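Asks: Can you make the complete structure from the sequences, with help from the hints?
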Amino acid sequence: MEENRRASFSFNLEKQIPLLFVLPCLIVLLAVSVFPFLYSLWLSFSKWELGMGQRSPTFAWFSNYARLFSDDRFWGSMENMAEVLVFGVGAQLLIGLGVALLLNRPFRGRSWITTLFLLPMMICPVVVGCNWKMIYHYSYGPLNHILGLIGVEGGLNWLGSSDLALPSIIIADTWEWMPFVMIVLLAGLQSIPVELYEAAKVDGASRWQVFWYITLPSLKTIIIIVVLIRLMDTFKLFDLVTLLTQGGPASASETISYFNYLTGFKFFNMGYAAALAYIQLAIIIIIASVFLRFLKKEEGG
Amino acid sequence: MKRTILKMFIGVALMGCLILGTTSSFGAEVVTLTVIGDAGHNLKPFEWYAPIFKEEFGVELKVIGVPFGELYEKEKIEFVAQTGAFDICIVYPKYIGDFAGAGYLMNLDEYAGKLSPAMDDVAPGYRDFYCKVGGSLYAVPFDGDVLSLYFRKDLLENAEEKAAFKKEFGYDLKAPATWDEHVEVAKFFTRKAGEKLAGETLKTPFYGTAFYGQRDQIYAWWGNRFASMGGVYFDEETMKPAINSKAGVDALENMKAVVPYCPPDVLAYGYEELKDIFLNGDAAMVVQWPCVGKKGADPNQSKIVGKVGLAPVPGVKKDGEIYSRAMMPCGRILSIPADAKHPWKAYQVIQWLTVVSSTADVSTPLTGLDPYRISHFETPEAFEMFPTGEDAKIYLAGIKANMSSGYPEPPIPGSMEYIDALAVDITRALQGEKSAQQALDDAAAEWENITERFGRERQQKLYQGLVAGWREAGLWE
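Protein sequence lines, in the order shown, are assigned to chains A and B.
So in this note's numbering, spot 113 of the first sequence is number 113, and the numbers just go up one at a time.
So in this note's numbering, spot 414 of the second sequence is number 414, and the numbers just go up one at a time.
Keep in mind that the hints were calculated from the coordinates and are not lab data.
Source: prediction; values computed, not measured.
Any given hint could turn out to be false.
Said to hold, decoys possible - Heads up, incomplete: computed chain A residues facing chain B, CB under 7 angstroms, no partners named: (1) Leu50; (2) Gly51; (3) Met52; (4) Gly53; (5) Tyr138; (6) Ser162; (7) Leu164; (8) Gln246; (9) Gly248; (10) Pro249; (11) Ala250; (12) Ser251; (13) Phe265; (14) Lys266; (15) Phe267.
Backbone N, C-alpha and C fix where the C-beta goes; we use that ideal spot for every residue, glycine too.
Replies: Have a look at this one:
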């Protein structure tokens, strides 16, 4: 009898031990990840105006999501975001690929130049913002000085005009993150077997044909991954907007993350800010799903 | 027995040491108070007088500095969560209605009765707009910001320029007294590189004026015009926005008229850019905060030392008189949270800072604090950074004049949201995306949404309370 009980106890303990090992991690995950996720989801269906001293949230059904549809600032910030994603990430990919192709050739000092190209990525984003603010300065900035030397009299109003404020942010973001795209693609280029190029040479393929039929298809998977990473990262673009334009002039360069920050931490409209965050999350999930489906297809192929 | 007595003696001695170690020389318990404010030189007085606070009030201070733009949210979050994290708060005055209205700040009337903060000595605008809510005292002043017109007196006194101005506009060149004159003086002084200014050939363009173009404060530069033209934020009876009134539209049209005489990137201008363009000698005049006057007298920060003049912000002519109102953006006041643990001790500290040390603190270049007391304006000798006593007098007289015609920011809950919505549409009008009327109509519609969300009745009650107090003080028509 006693033996049976002991056997059953040790059997149970054996069963529970893995759970005990996992438990601390589980508690931390629940506390810092799952709970905030669920709480903010609930908040997105609530009204919680800290600005008016409302001490606790009240359930408000879909009112926050409904408000999004009539909020011009929201749609404006989405439009700006789309512009940054298309032109910013697009430029990073094109320039990054071009530089990676150049650096993939053997030449003297290649490793030094590669390291130099990586420097912008290593600089703290706040410092990048401050530097670009000086570069773009209308009266004292070096960029307008150079433009003046090549005949653009007076230079360009980089940060003070609605037409150029967002492109200025895109340029600074491209400068900072193109090296990341470049280094990943360079690694991809270096992993393409040399035999493929040799075979193409024997077959008499032109440079363009080699690029189009060998290099690009071989890089496809890496391109999908790097673009996905940059898209997700760019969606969070906040630091450069804050430092360069604060979303202005008017709301010409207001990105969705900056608008979300204003709503949550300046206007203290917590329910609406949570709804905005979930809309962003939904968009990122959709984009990621499309890219991952492509990736799966490529891998399958 | 001997051992027991010895133990008791050691015990009593240790307790004595402990008590002595935690008390000041005057025998009271030393408590630690937490102070929060925007980081930088404006927190210096809390460090300078720490030994005095310990000696006099039995207080040690733990000072927390946060970035300028984040002070409001840091305070708000702690107030809402009722953490009691702070004992003394530097508050931007535009949030006093928000904080006091929600019950986050302590009513200081009772303490003021015991230990006077000498509010009669405070410039009326500052005292009644920014320290009181509903007639009760919720804060004491610490930094007296008001906008003033700074101009290049060397240029305005230049005989050649004076003659040319009179020929073009038919009246004498002087610091502009009206907003229309402001546009004309700005137009007159705007020159391209290569043209002459006061007999010298310009190497870089020279601008008539500039203004704060970034979103957080641009409304105040429109507000100077709006207030002078008789504008008010809301209709007291209905709480409907009144920013799209004739005064609002005229103010925006006037602001638009001056844009061609500003640097092309003026809409990207914040405090630093606006200060620099004037102190670098690249603009004829700017409307700015008082610290620009002090910095303009410092050869390390200014290329125009001795050339800075100061005047009331322009206004409009009414019955032959100039009527002008100067916005009072920013500023700093000292408040005690309602959940502070040692409110009386905290009050003693802020009373000291606003009464005893304030003249020294606002007159030193080591802080960015600006004068706000009548006694400050009457102590030009304390402002040693000016090259002459006469310059100090001109500076103080100008600030005093502007403060006496001060106009408040909208200090009701949601002020940040109201201001942001207004700023966005002001900028759109200045860029030509919308007409002045359309822009202000859109801003007014957004203000209506905000008022609805915050509760019209609640907002109206607060606004009416504030206005009643201002009216009683003779600051509101």
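Asks: All hints, please: hold or fail.
Replies: Okay, the hints, checked on the actual structure:
no., hint, verdict
1, Leu50, "holds (5 angstroms)"
2, Gly51, "holds (5 angstroms)"
3, Met52, "holds (5 angstroms)"
4, Gly53, "holds (3 angstroms)"
5, Tyr138, "holds (4 angstroms)"
6, Ser162, "holds (6 angstroms)"
7, Leu164, "violated (10 angstroms)"
8, Gln246, "holds (6 angstroms)"
9, Gly248, "holds (5 angstroms)"
10, Pro249, "holds (4 angstroms)"
11, Ala250, "holds (4 angstroms)"
12, Ser251, "holds (5 angstroms)"
13, Phe265, "holds (5 angstroms)"
14, Lys266, "holds (5 angstroms)"
15, Phe267, "holds (5 angstroms)"
In summary, the structure is inconsistent with hint 7 from the numbered list given earlier, while agreeing with all the others.
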